[in-house]
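Asker: Sequence order for the protein chains is A and B. Just so you know, we're using the numbering used here here: the first sequence kicks off at 1 and counts up by one. Just so you know, we're using the numbering used here here: the second sequence kicks off at 1 and counts up by one.
Keep in mind that a hint or two might mislead.
Each pair may be met inside one copy or between any two copies, as identical chains are not told apart.
Here are the simulated DMTMM-like pairs of lysine to aspartate or glutamate, each with C-alpha atoms no more than 25 Å apart in a straight line [unchecked claim]:
1. K155 - D81
2. K79 - E194
3. K184 - D62
4. K184 - E205
5. K167 - E206
The hints are simulated quantities; they were obtained by calculation from the structure and are not laboratory data.
Protein chains: 2
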Amino acid sequence: MRHCIIVVGGYINDIFAKEFIEKERPELCIAADSGMNFFYRNKLTPDWIIGDFDSASSEALDYFGGQPDISWIRLNPVKDDTDTESAIRKAIALGAEKITLLGATGTRIDHLLGNIELLGIGLQNHIPIQIVDERNRIRMIGAGITLEKEKQFGKFVSLIPYTNVVKGLTLTGFKYPLDHYDFKGFCSLGVSNEIIAESAEIAFEEGILIVIEARD
Amino acid sequence: MRHCIIVVGGYINDIFAKEFIEKERPELCIAADSGMNFFYRNKLTPDWIIGDFDSASSEALDYFGGQPDISWIRLNPVKDDTDTESAIRKAIALGAEKITLLGATGTRIDHLLGNIELLGIGLQNHIPIQIVDERNRIRMIGAGITLEKEKQFGKFVSLIPYTNVVKGLTLTGFKYPLDHYDFKGFCSLGVSNEIIAESAEIAFEEGILIVIEARD
């Protein structure tokens, strides 16, 4: 099983998300709690529904409750982990080799930052996890990557240090290049870079980096 | 000079922002680049306008350009720092003792994370800096704080470790308490806590914590 898409209960652009799912044809779809409202609204069926269901609509709960092909995990509302974290861990247990979170952004910044933290579960398990919405593709990387200009998401590439320092950061093929720079926080240096070559390379010696491809 | 409000060019709810400014009566208002559009729309006048003006409207530029009481700093568009970082550094140079960023959230997640990084400039300079919108109040703390339930912003309090570990985190007066816990990332443990006593205390021995008070 290759790609798993988890739909979370944050902000979601239905048109973008439906097109993304149609294009990716994921082997597994999981609704995390009120993420099921997206499937209900768009006449799609998730493979799994996971949550404490404190925020799902009763219509969606009733509708999916009667369907035999859906597996359910009902979580205790008093718990340490969010529904999204449980869904990610379930996807990995089910054999996901790549995970995309949809509906993981939105106006509750604490939810967004919590979801970005969860990208680290991918690093721990050697599985790429990404958060995608119509303006952003967010990843967390522990080793260098190459971005091809033709395939990039949006116009801008921004880098945010996740660890206190990202050592020896070298950027090539970017408008603002860097050469073995020790990249630390408390500054806006990494925001809104652009790829100017056919491909751009992000390399570093130590640390973890958040990579955001974005468009206005 | 006490409170400085910096309006940034991200998402802004005019009604919320105007009420916030009226209530706070800041001694200093700075427009960072297209943050000036907010002042123009709402017939308010900033004290300083700082930016490379690649995203400000020509109407706002013309309108404020003719006003003698506004100080301007025109930045080079090819620069390492964002307009927001320059505005924060200017506010500190002008003697700000507290800084609030409005318009610092929105749909470009890289801009948001970049702005959250800038909260660390407050820690370095011993000045509280906060990002506020109608759903979130975001702070970065290097030492313990007390939150009074009556004065809290919204219903939820979420904690995100900024340093790789926040050592010995103790939460009292919260629905989900902690006792000398070494709080690390890659999990959603700190999201959506709630204050259940008259006041709640966040204490820790080492590290930097992001505190988000939020409402749905």
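Asker: Is it within, between, both or neither when you check K155 against D81 at 25 Å Cα-Cα?
Answerer: between (34 Å within a copy, 18 Å between copies)
Asker: Indicate which option fits the pair K79, E194 if close means a Cα-Cα distance not exceeding 25 Å: within, between, both or neither.
Answerer: Between copies only: 13 Å across, 41 Å inside.
Asker: Quick one: K167 to E206, C-alpha cut-off 25 Å, is that within a copy, between copies, both, or neither?
Answerer: Answer is both; intra-copy 5 Å and inter-copy 22 Å each pass.
Asker: Since the copies are identical, ignore which copy is meant and state whether K184 and D62 lie within 25 Å (CA to CA) inside a copy, between copies, both or neither.
Answerer: Classified as neither: same-chain Cα gap 49 Å, cross-chain 38 Å, threshold 25 Å.
Asker: Given identical chains, is K184 near E205, meaning Cα to Cα at most 25 Å, within a copy, between copies, both, or neither?
Answerer: So K184 and E205 pass the 25 Å test inside a copy (14 Å) and across (22 Å) alike.
Figure legend: structure checked against the earlier numbered hints; the only hint not met is number 3.
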